[in-house]
Amino acid sequence: MRWLAKLLPAIVLLLLALTYLAVRSAVPHTERHERILDALRSLTLNESALHRDVLRARDGLLRDYDPLVRSADGLRLAGSTLRELGDETGADGSPDLARSVRSLRTAVDEQEALVERFKSSNALLQNSLSYFGHASHQLNRAEPGVAPAVGILASDMLRFIHNPRRGNAAAVTASLDRLARVSAGRDIAAFVAHGRLIVATLPAVDELVAGLLASPVGSRARVVQDLYLERHGAALARANQFRLLLYAAALVLAAYLVYLFLRLRANAQSLRARLRFENLIAEISTQFINLPRERITDGIQQALARLAEHAAVDRACLLRCDPEGRRVERAHLWTREDMARPPSGVDQLLTVASHWTLGAYRRQRCIYVPSVTTMPAGAERAALTERDIRSWLCVPLWRAGRPLGLLGFETVRGEQRWTDDDIALFRTAGEIFANALERKRAEDETEALAGQLRRAQRLEAIGTLAGGIAHNFNNILGAVLGYSEMALGKLAADSRPWRYVTEVRQAGLRAKGVVDQMLAFSRRADRARAAVAMRDVVDEAVRLLRASLPATVAIRVSAETAGAAVRGDATQLQQVVMNLCTNAADAMDQRGPIDVGLDMVELAHEQPLSHGTLAAGRYVRLTVADTGHGMDPATQEHIFEPFFTTKPPGTGTGLGLATVHGIVADHGGALNVRSRPGAGSRFEAYFAAMEAGIAELEQAASSLPVGHGETVLLVEDDKPLMLLGEEMLAALGYEPVGFDSGRQALSAFRADPERFDLLLTDEIMPEVSGTDLATAAHRIRPEMPIILVTGHGGPVRADRLRAAGIRELLRKPLLSADLARALAQHLPPQAEPQRAARTRGGR
Amino acid sequence: MALACVATAVLCFPTAGDEQPAAIHSARIGEPISPIPAALDLDGRKVRLGDRLFHDPRLSRGSLVACASCHRLEAGGDDDRAIAIGTDRRPLDFNAPTIFNVALSFRFNWRGNFRDLEEQNAAAILDHRLMNNDWASLLATLQADTDYREDFAAIYGGDVDRGQVLDTLATYQRSLVTPNARFDRYLRGEPAAITAEEEHGYQLFKAYGCVACHQGVNIGGNLFQRFGIFANPFPEDGTGTEADLGRFTITGDDADRHVFRVPSLRNVALTAPYFHDGSTQSLDEAVAIMARNQLGRTLAQHEIDRIVTFLRTLTGEFRGQPLADTARSEDR
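Respectively, the protein sequence lines represent chains F and Y. Take the first sequence: its position 623, counted from the start at 1, is 623 in this note's numbering, and no numbers get skipped. Take the second sequence: its position 92, counted from the start at 1, is 935 in this note's numbering, and no numbers get skipped.
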């Protein structure tokens, strides 16, 4: 209703204006005009009639005065009709007309007075004339004595009547006097009296007649008429002007009506168009809702085409960008069928849109450029011109405050205008696309996570299996290697048995390598962690690889960061490099370049990778890229599984990449693989970067330390291994006391705790576990260091270890180097060596 | 050609057109007197309502007199008195003139001091010595009367007002014409309507100059004339009344001294006594006085008789009935 209140004054004003025009354009008082003209005519006619009747009455031709009365009344009536005019015109500022009407009425009044006097006098005159004529005739006959006097009188009177000059009047008077003297008869007296009356009255009557004929009524009536007609003409002209104005107003209103009609039609059309647009958007929206994930991309393409066709644009694009809004991750493009494909460079559109500076082209948070040619020069115009764009509408897509991409419409062949309503609808469409993209992304992510979970579960299961197998093999290999070493010690070098045993030992070592890899994969290795300079690791590995790989494989190293350090096991990390490179060389059939890269990556957000997810943080990224066969997605799915191989039988163990995965996972890192069949592969290994870990790197590995006769309590349920251990300890310069039973060992310890400097025990034993034994010993001698040996790197809880006084864990098979370093670390250093010791085993 | 003239005349005299044929008729036979036109175009409802008002004493304060009290239709339209009597029971200034044919006169009353009937009626209603009323109480009286209220409302709508009262009264009074006098019939071409003697009287009337003033349709009533042309009818010693001064008392013009409206001679036989002061009861005497004073003649009795016989042919009919002075019929 507010619009009505706003409109009401205008309507009232219009009505007032039209009414004013209508009133002013009316011919002024037609009826009154006729009445006044009638009155003026009546004045003239009655005046003429009066003149005629007065003359007739004077000559005795008119015997009654009714016509005179009627004429006088007529004049008077006309006069009073005109008085209205006079009053009115006097009031509205025509003093001339009012004055002339007044003077006309005065003349009418004066004329009427003259008429009255004329009637009275003329009645007497006519009577006397008639009597005189009649009487003179009779007197001539009746009284001959007076006949001459009467005759003279009659002739004098005749002369007087014809010419009532003063001289003639005097003559008549003289004759009358004479006659009166001659006779004093009654008839004569009357005759004389009438004669005198004629003499007295006739000039007066003639004067009255002259006065009446000279009455200014006629001329004044004409003056009034002229003035009135002039005024009426002016009023008529004014009325005509106003009628023209009224006509003009009618024309304007009619034109306005036509305009309103056209606008109404245009509005209806645009409403219909809008409705179609809205329906289209609703349809698209519904479609997306029902679309399964794998068809969303097609759906987007289709919807984009429909939208673009409806909007009658030449090109449309839907770009999805990374969360930083810098890179186009996915582009849906549509181009009108009969048009050439646009030059590439949709990425540039994203850049233009995200760095848009021209605020004048912003509409509803969209960018709307109706005409590129009128844009101010600058990067934006250049970018749009490069794509031949004439009009551009860009709807940025957002999701949870982060850029998601953009929806763009381009016209090339002409310019296009969109209303704010259209833009709002395009925005709605943008929302729908954003939802679709987001849904696609979310569902992809879910799918990827599900895949990862599957892989992780599979690897876990395989790992558990492999771990179990490896543990058993490890123990077996421990015996094989230990006894072969001992046998070698007893055999003469280069003798035939020595060579055999050497082969046995070599085979055992290879088997141990496999078992180690399996353990590494199953993360059962528990190696000491130290700060490792990745650059050194890579260089060392590459040096070894160059030696082992054929010359047809070129390894190019590009390490951006010199000081990138990782907490970890240098050997294992080295193995990662070596395995990846070996794998790359295999993928290229030992021919081509391998690019090994090392750089730092900083992630602001958690980022999903092909195999695993990285939390936010700084990472050292090791990249190994080849130009080999590449892999299809199905292969990529399984590459990190143990014993999965694409190589011909016999050439690969299927453990190389599994080991890499195990090591990387063990270091809290993750792997990312990008590969396409025929386009090579790119492996990225991410390791958490160490802050300020370089100092630790100074700690260099020294030569193998030896003991000084310290007594070591060795517990190992496997008797041969126990014996092997004693051998090793002895070889390292320690005094071993071995037991193959935990219980015996404990009772020996209890018998004389101070006898032992260190406890070295296997974890998994039938009677008492290593940990329990350690706990008991620790309770007795808390200061005594305890080292636990385990063939199974299972979940040993650090707190339990600490509680049991266990200082270090060593893995089976027990190696002299490891053992030497561990013993030296945990036994207090001795002032002087009690015994020189050398390992006897080959290293 | 004559028709064309008439048509032209009608066109040229829209206000006087309806009386023009009578004038032509009169002129054709060349007589100075014309008959009363028969047709009257009046609203019958107004005439009837005016009739009642005319006879209603409530028009006067205290319901003392009606219009008809002095203008008695059965007594020739006047009161038969020499001088009319006011409501204060004292004589007024003039002899009451007849109400009949009043519409045919150009002015009213002896001095011709009213031009139209409404004006005259209003003056009569308000005059202290006549009806002595005022509009407020008169209109209240009429409004209070159911019949009047309804009848006025039926004609005019709304409440009774002054204009309505005057209009009905005047309309009624205009209806009081007395056509078809024997002399009128004579004029219309019925020679047998009057006797030879009466016709002789008419000839004398014309020949002696009476007709000089008493002419037209109303046989007088259309001009002013001084009373006393050849002889002075007023007392020489200055004992004359103010009424004797005539129009002079209105205009103050010396030329109007003793000037009166020439009265109509229609129904003159019924309107005795005569003259402005009702000084003469006898028509014969009135004729003699007029001849002496106005015409400078002394008429012989037989001439007077002839003229009087003629004057008696001027008595017309009212509402189809020959007019008679029933009030005085016993005297005669």
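Incorrect hints may appear among the rest.
If we take Cβ atoms under 7 Å as the criterion, some of the chain F residues that face chain Y in the derived model are [what the hints assert, rightly or not]:
no., residue
1, ASP59
2, ARG63
3, LYS119
4, ALA123
5, ALA282
6, SER285
7, GLN287
8, PHE644
9, THR645
10, THR646
Treat the hints as calculated values from the structure; they're not laboratory data. Backbone N, C-alpha and C fix where the C-beta goes; we use that ideal spot for every residue, glycine too.
Checked hints:
Among the interface hints, the one on ASP59 of chain F is violated; its C-beta lies about 14 Å from the nearest C-beta in chain Y, farther than the 7 Å criterion. Taking 7 Å as the C-beta cut-off, the interface hint given for ARG63 of chain F holds, the closest approach to chain Y being about 3 Å. With its C-beta approaching chain Y no nearer than about 4 Å, LYS119 of chain F sits inside the 7 Å limit, and its interface hint holds. A hinted interface residue such as ALA123 of chain F counts as satisfied when its beta carbon comes closer than 7 Å to some beta carbon of chain Y; here the least separation is about 4 Å, so the hint holds.
Hint on ALA282 of chain F is violated. Least Cβ distance to chain Y is approximately 71 Å, over the 7 Å limit. Of the supplied interface hints, the one on SER285 of chain F is violated, with its beta-carbon coming no nearer than about 75 Å to a beta-carbon of chain Y, more than 7 Å. Because the closest C-beta pair between GLN287 of chain F and chain Y is about 80 Å apart, greater than 7 Å, the hint is violated. With a cut of 7 Å, the hint placing PHE644 of chain F at the interface with chain Y is violated, because the nearest CB-to-CB distance is about 119 Å.
Because the smallest distance between the Cβ of THR645 of chain F and any Cβ of chain Y comes to about 124 Å, over 7 Å, the interface hint for this residue is violated. For THR646 of chain F, the shortest C-beta to C-beta distance to chain Y is roughly 121 Å, which exceeds 7 Å, and the interface hint is violated.
Checked against the numbered hints listed earlier, the structure breaks hints 1, 5, 6, 7, 8, 9, 10; every other hint is satisfied.
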